[in-house]
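All chains, please: the whole structure from these sequences, using the hints.
Just so you know, the sequences run in chain order A and B.
The C-terminal position of the first sequence is numbered 604 in my numbering, with every residue numbered one higher than the one before it.
The C-terminal position of the second sequence is numbered 544 in my numbering, with every residue numbered one higher than the one before it.
It is worth saying that the hints were derived from the structure and are not from the lab.
No residue lacks a Cβ here, since even glycine has one placed at the ideal position from N, Cα and C.
Don't take every hint at face value.
Simulated pairs of lysine to any residue, SDA-like, Cα-Cα distance not exceeding 20 Å [to be verified]:
(1) B:Lys273 / A:Ala465
(2) A:Lys560 / B:Glu23
(3) A:Lys561 / B:Lys17
(4) B:Lys30 / B:Lys90
Simulated coverage check for chain B against chain A, where a stretch passes if three residues somewhere in it have a Cβ under 8 Å from a Cβ of chain A [stated by the list, open to error]:
(5) 26 to 34
(6) 134 to 148
(7) 258 to 272
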Amino acid sequence: MPLVKGGQITGDAFAHIADDAELPEQAGILVSATRFLADPEGLLGRPGGKVGVIWPNSRDVDDLVPYLDRLAVVALVFPSFRDGRAYTQARLLRERYAYRGELRATGQVLRDQFVFMLRAGFDAFEVKKQSDAEAFADTVKRYSVFYQPTGDGRITALHRRMQLRHSESAGL
Amino acid sequence: MYAYDEIDRTLVNERVAEFRDQVKRRLSGELTEDEFKMLRLQNGVYLQLHAYMYRVAIPYGTLASNQLRQLAHVARRYDRGYGHFTTRQNIQFNWIKLAELPDAMADLAEVGIQSMQTSGNNLRNVTADQWAGVAPGEIEDPRIWSEIMRQFTTLHPEFSFLPRKFKIAITASEHDRAAIKIHDVGLKLKKNEAGETGFEVLVGGGLGRTPFIAKTVKEFVAGRDILSYIEAILRVYNQYGRRDNIYKARIKILVHELGVEKFAAEVEEEWQQIRDGELKLDEEVVEDIRSRFFYPPYEKLPHMPDELKQASADPQFEAWRRNSVFPHKAQGYAIVTISLKPVGAPPGDCSAEQMDALADIADKYSFGEIRVGHEQNLALPHVARRDLPAVWKALDQIGLAIPNVNLVSDIIACPGLDYCSLANARSIPIAQELTRRFASHDTANLIGRLHINISGCINACGHHHVGHIGILGVEKNGEEFYQITIGGRADEGAVLGTLIGPSVPYGEVADVVEDIVEAYLALRARPDELFIETVQRLGVEPFRERVYATR
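So, in structure tokens, the structure goes:
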């Protein structure tokens, strides 16, 4: 499954570790929420490499808040692309809890949701299909107008109109 | 009228380009039907019994004449020459080909019409009182807020994959013509004691398998806070709404299971965290939207012009005027409702020729504006009373001077088993038969205001629960049967109807309805006691006794 980060297909610096598997010595790891919450301090204090957590969409992200500044990756899950709970989790992590690490979309991640995901704050994508991953750069340019404010900082249509109006009245 | 600017147009064009690419990928097999299904639904494309059905949004029911002409063009060019107006200010085309859909969409985009989110589990077309901006006594024009809401709900990055569909309706009048109490969110414009404009917010209404009347979650939310408050509602719903069972996924079930107080508290807690954020509406922003609505320059005209006095001698004109013409906020003007319920025809259908002619009539007599209401009728919102006789004649020429607005033959019906893949039973032929039974205008007038609503299955697109008489098609051992309720209403006094007796087969529905109406005529206390008032006064029992005594 290709990983898209920074707008490009890239290698994954994090290994998915099953709950009963041994931790590798020197590597970034992605563990389940269950494994993470069983021993968060132990994992975060581990000398070998960075830690990320795969957080299910049925669990409040509030439980993650104490660890956010030490997590390298939070991976949110789309069990189906029709299940949109992770969009809310993403916005809460970015906008309310100021999470600045990698926010990764996993699960049924498809081309036609890239723009929504970017707007919600995702910056890494485990894309289901190679062709979708390759189309990433083009797909995210589909839209240039956005009606809603989110933490991604894109200017909304309402505010762009105000700017246009002010520049007109200033004679610019 | 709200006029799209370059920003709105760009977005719609980008959407058309995206859909064109999606259709191409579907036709090439790159997208599976399962993957494509949600994408087409997000653009209003259903797969029905015989063909794709295309549902186009008419936000808050306001259409310009050039937009109506373009709908006529789409009906002619891509469909079979007609369209069907629905109960939620949409129009549906029933015979569209998938490969041609992007072109139809592009043609509509040229006039600022689109179909985004007219189906799928997302924020649906925002509806409003079809008399917005012209009804006497309105708090203020609810379309300003509806347009703000339209923009907010369009391609929302957080709420495009909700547990289930989500419908918002807005009204600004005491008499609720937008049926806000049967919506997921109903907004009632009001002023608080300080004179600020805001909303009473109702949540959790809806029909379908488990009908609920919406409950008030907050008595007053100021206009500047309404988007953040709605966002808080949606955020609670997106996280906690049920996704395990499609029949329990609407917000009404969440509100019911949590209880309205607990739900309101959850929303309040979320809202307090975001209310001072980016969603706060400056007065300047609201004014900018307001400035792009067009208000006609009304003349000072007499209430009773000579043209109207003369025409009143014609009983046919008078019959139409009494049922179709309603008071306007400006003196000398009227709102004209155009019934799309001719005898023997499917409710809400309109041919391309009628649409073109209506666009011309609107240009000539209604400042180029047409409205669409949830009763599947149209309206001309700004007709000078002196022009009423001319409008009547022009409507009569296209078969649309039908004098039955709000009467027994002004029936709401879903497409039913004639088109719909979900239906258990036919709706349209029942409606057609009833319009024949009550074809006599004198009889219909004698009966007075009476709303019959028909749904072909429990999904309740025909709003049967809130019909004064509600008819629901069910399937029993492979046969079409119908459950009949009475006493429902969809307005400010919204209430669900009560079952009057055992279900009856297809062939008996019209007889039962006739018997109910006869019972009413015998039971009513006085000629001006409406059907709904008699049911309210007496309950269902006396009706049941009379209608089922011999069955």
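We went through each hint and held it up to the structure:
1. B:Lys273 / A:Ala465: Outside the cut-off at roughly 35 Å; violated.
2. A:Lys560 / B:Glu23: It holds: about 13 Å lies between the C-alpha atoms, which stays within 20 Å.
3. A:Lys561 / B:Lys17: OK: Lys561 of chain A and Lys17 of chain B at ~17 Å, within 20 Å.
4. B:Lys30 / B:Lys90: holds, 15 Å
5. 26 to 34: holds (count 3)
6. 134 to 148: holds (count 4)
7. 258 to 272: n = 4 at 8 Å, threshold three: holds.
Figure legend: structure checked against the earlier numbered hints; the only hint not met is number 1.
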